[in-house]
Amino acid sequence: MDQLPKSRTEPDGSAVIRVLSYNIRSLRDDEEALARVIKACEPDLVFVQEAPRFFRWRKHAARLAAKCDLVVLGGGATAAGPLLLCSLRVFVERTQDVLLPRTPGLHRRGFATAVVRIGGARVGLVSAHLSLDRSERRAQAELLLKRVAELDTPYGIAAGDVNEEPEGPAFGALAGALQDCWSVAPWGDGPTFPASAPTRRVDAVFATPGVEVLACGVPAGLPGVSSTDLRSATDHLPVLAALRLAAGR
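According to the numbering used here, the sequence shown is numbered sequentially starting from 1.
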């Protein structure tokens, strides 16, 4: 597999960034393996799903971030599970956790959102974990697109666990309005679930049309990370993307 482009800020202020999307199943698996995977990906931004939501959840999120040389940007229990982590390269303008309308009998969902600057680029972020229910999931996809637009930034990145494959209506709605980064510039494999023998591509990174997608896929051959680490860290595989954001838009 070709090497993924490294993060950098170019002389004109344009930024090449690494974005990671990862369902971590509330840290119920091998946390040390999880930290090794995240750290080896060298991300600027991590869009987390199923972050810890109960007792001392902030402490658990901060511990994971520290192990990965990152900081907590926003989200967690206050967003019903989605979380954002970032490197110190990222300048934070604002964050907001958004709870979505609740359907009786179904799990509460939400978005972790932020507006940040990297180099000379300003970008809106949304970490999401859509519903297991088909009709609710489709409605949540529309709310996600609306939220990206409401952030009102030159660039937007949304990532997360869609809970359906690209042929589904929710995934299709997202890919119709945004760039499905793996489809634009596939790098390595696409399927992310289950981690032990992945057959379904239910996790994705999406970007607004102005973002240049350099590469995107499930990382493999990471330094210091074994295939056992990827299987034992959580029940999903991560999605890693390299994106270029031109300065001055």
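Hint data in this document are derived by calculation from the structure and do not stem from the laboratory. Be careful, since some hints might not be right.
Straight-line distance between alpha carbons at most 27 angstroms, and here's what the computed DSSO-like set of lysine-lysine pairs gives [to be verified]:
1) Lys39 <-> Lys6
2) Lys59 <-> Lys6
3) Lys39 <-> Lys59
4) Lys67 <-> Lys39
Enumerated hints in conflict with the structure, sorted upward: 2
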